[in-house]
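Line by line, the protein sequences give chains B and V. Take the first sequence: its letters are residues -3 to 239, numbered as in our numbering. Take the second sequence: its letters are residues 125 to 175, numbered as in our numbering.
Incorrect hints may have been included.
Claimed, not checked - With a straight-line Cα cutoff of 27 Å, these simulated DSSO-like cross-link-like pairs (lysine-lysine) come out:
no.	chain 1	residue 1	chain 2	residue 2
1	V	K164	V	K175
2	V	K164	B	K84
3	B	K48	B	K154
4	B	K84	B	K151
5	B	K154	V	K164
6	B	K171	B	K190
7	B	K48	B	K151
8	B	K113	B	K151
9	B	K151	V	K164
It is worth saying that the hints were derived from the structure and are not from the lab. As the structure is a computational prediction, the values presented were derived from the model and not from experiment.
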Amino acid sequence: MNWTWFHRFGSAPYMYGFAQRWTPWFGGAALLLMLLGLYGGLVLAPPDYQQKDAYRIIYVHAPVASLSLMIYTAMAVAAAVGLIWRMKVAHAAAAASAPIGAWITVATLVTGSLWGKPMWGAYWVWDPRLTSELFLLFLYFGYMGLRAAIEDPQKADKASAVLAIVGVVNVPIIKYSVNWWNSLHQPATRLLGKADMVWSMVWPLLTMFLAFMLFFAAVLLIRLRAELLRRERGASWVREVLS
Amino acid sequence: MSEFFAMSGYGTYIWWSYGIGFGIVVLNVVLARRALADAKLQARRRLEMSK
């Protein structure tokens, strides 16, 4: 297998240029798909037979919820790559992911509680799904706090990477909490094959999933550039990029 | 039209969740761009100092 791509991504100037080129494409596609998903989810999809229109919160809540787990997993993988191959760009990517992940987790908790109130009668319950998702937010905070507390960037990279990797056990706990324990939270909706919803409800949701992933890619690439500039301030490629 | 916004009585919950959800999306774009502008400024200052 040819590993040159892996080494290329490990180079800060290459990654900076890559991020610069791809951000508008990811961002533009995310915006278009979000508008399409909004129209499909709010206008075209029919109301649910039980939840009426309240179920439409799914079009924001489910994509941000799955993204909050995906970002954490991506952050842990990047941190592990950084630790194993001593790759600075990977550590930078992990560091750049954390604040986005924390915000998306906040969005998950808020949109979820706005769905919980009309359906369960409470904004918050100490349910396994909700509690483990709240813990995810604390993991993001812990990761960022640890980085901020250690002045030496290399030591901060290593220590925070270990925390990110250990914390990844929480991801399957969140995902399967609705199956493992008695939860007030509804289980995952089947979207394909023997689906729980009609197609006119499903496609806007799939569109939103994709839109939010592309949004993450775009914002991550912007933050990654900031992180690379901060780390490599003295390097000659920075001079070239900024001139 | 008002029926659309009422969302069979769940309008308040729906519009708040969409507002906050997409508000956080926009905020993340703004914060990321600000972080990049800030990093560029710092890097430029440092380059000028080293001249």
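Here is what the structure says about each hint:
1. K164/V to K175/V: 17 Å, holds
2. K164/V to K84/B: 19 Å, holds
3. K48/B to K154/B: 49 Å, violated
4. K84/B to K151/B: Holds, at about 12 Å.
5. K154/B to K164/V: At roughly 25 Å apart (the allowed maximum being 27 Å), K164/V and K154/B satisfy the hint.
6. K171/B to K190/B: With Cα atoms ~20 Å apart, K171/B and K190/B stay inside 27 Å; holds.
7. K48/B to K151/B: At roughly 52 Å apart (the allowed maximum being 27 Å), K151/B and K48/B break the hint.
8. K113/B to K151/B: Between K113/B and K151/B the Cα gap is close to 44 Å, so the pair fails against 27 Å, i.e. violated.
9. K151/B to K164/V: Satisfied, since the Cα-Cα distance of roughly 24 Å is no more than 27 Å.
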